[in-house]
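Novice: Everything in the sequence shown is counted per this note's numbering, starting at 4 for the first residue and increasing by one.
Among the clues, some could well be false.
What the hints assert, rightly or not - Lysine to any residue pairs mimicking SDA-like chemistry, simulated, CA-CA at most 25 Å apart: (1) Lys94 to Asn113; (2) Lys53 to Phe39; (3) Lys53 to Gly43; (4) Lys94 to Pro71.
As the list claims (entries may be wrong) - The calculated label-pair distances, taken between Cβ atoms and stated as ranges, are: (5) Thr4 to Gly114: 28 to 34 Å; (6) Ile92 to Thr8: 35 to 41 Å; (7) Pro50 to Ile92: 20 to 26 Å; (8) Ser110 to Asn21: 24 to 30 Å; (9) Val102 to Gly43: 37 to 43 Å; (10) Glu12 to Gln76: 51 to 57 Å.
The hints are simulated quantities; they were obtained by calculation from the structure and are not laboratory data.
For every residue, glycine included, the Cβ atom is placed at its ideal position computed from N, Cα and C.
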Amino acid sequence: TRVPTAVLEYTFVHSHGNPLHLIELCRHLVAEQVVFVLNGECRFSSPSSKTAVEQSKFELQSDMLSYPRVLIQNARSRLDHLPPSEQMITKIASVMPRVFCLWQLLSVVNGTHRGRSSSPNAS
4 TRVPTAVLEY TFVHSHGNPL HLIELCRHLV AEQVVFVLNG ECRFSSPSSK
54 TAVEQSKFEL QSDMLSYPRV LIQNARSRLD HLPPSEQMIT KIASVMPRVF
104 CLWQLLSVVN GTHRGRSSSP NAS
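Build the full structure now, drawing on both the sequences and the hints.
Specialist: Listed below in structure tokens is the structure:
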């Protein structure tokens, strides 16, 4: 199947290498009529759907595109089954930058954070 570069980039960025996420993102794009497949070729449903995909390369906050509900439900279900302490760590980690040091997360969880900058030895 031929797939537009914008769709490949979009699904690559938002799946984070997770095959389940990749499959669900593709299904979601078809279900939401952003793209369709005809004779082995993936095509945009309209010029506005192409624009939405191109502009949503790094964010899923457009009128046309959202995160697949099945992935959100799956994540919520998994979180609901965690012990309370692990739920709290997950909630804290969810509002931290994408890349952070373990000591930063632990300092927040343990209540020892004091506005540190970038290392545990910062004054």
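Novice: Does the hinted range 35 to 41 Å hold for Ile92 and Thr8 at CB?
Specialist: Holds, since Ile92 and Thr8 (Cβ atoms, about 38 Å apart) stay within the stated range.
Novice: Is the Cα-Cα distance between Lys53 and Phe39 25 Å or less?
Specialist: Between Lys53 and Phe39 the Cα gap is close to 12 Å, so the pair holds against 25 Å.
Novice: Note whether the CB distance of Val102 and Gly43 lies within 37 to 43 Å or breaks it.
Specialist: Between Val102 and Gly43, where Cβ atoms are some 39 Å apart, the hint holds.
Novice: Given the hint of 51 to 57 Å, check if Glu12 and Gln76 actually sit that far apart at their C-beta atoms.
Specialist: 26 Å, violated
Novice: Does Asn113 lie within 25 Å of Lys94 when you go C-alpha to C-alpha?
Specialist: 14 Å, holds
Novice: Is the Cα-Cα distance between Lys94 and Pro71 25 Å or less?
Specialist: Distance of about 20 Å is within 25 Å: holds.
Novice: Between Ser110 and Asn21, is the Cβ distance one that fits in 24 to 30 Å?
Specialist: At roughly 29 Å between Cβ atoms, Asn21 and Ser110 fall inside 24 to 30 Å, so the hint holds.
Novice: Would you check the hint for Lys53 and Gly43, treating anything up to 25 Å between C-alpha atoms as holding?
Specialist: 18 Å, holds
Novice: Could one say that the CB atoms of Thr4 and Gly114 fall in the range 28 to 34 Å?
Specialist: Because 52 Å falls outside the window, the suggested range is violated.
Novice: Could you tell me whether the CB distance from Pro50 to Ile92 stays inside 20 to 26 Å?
Specialist: 44 Å, violated
Hints 5, 7 and 10 from the list above are not met by this structure, while the remaining hints are.
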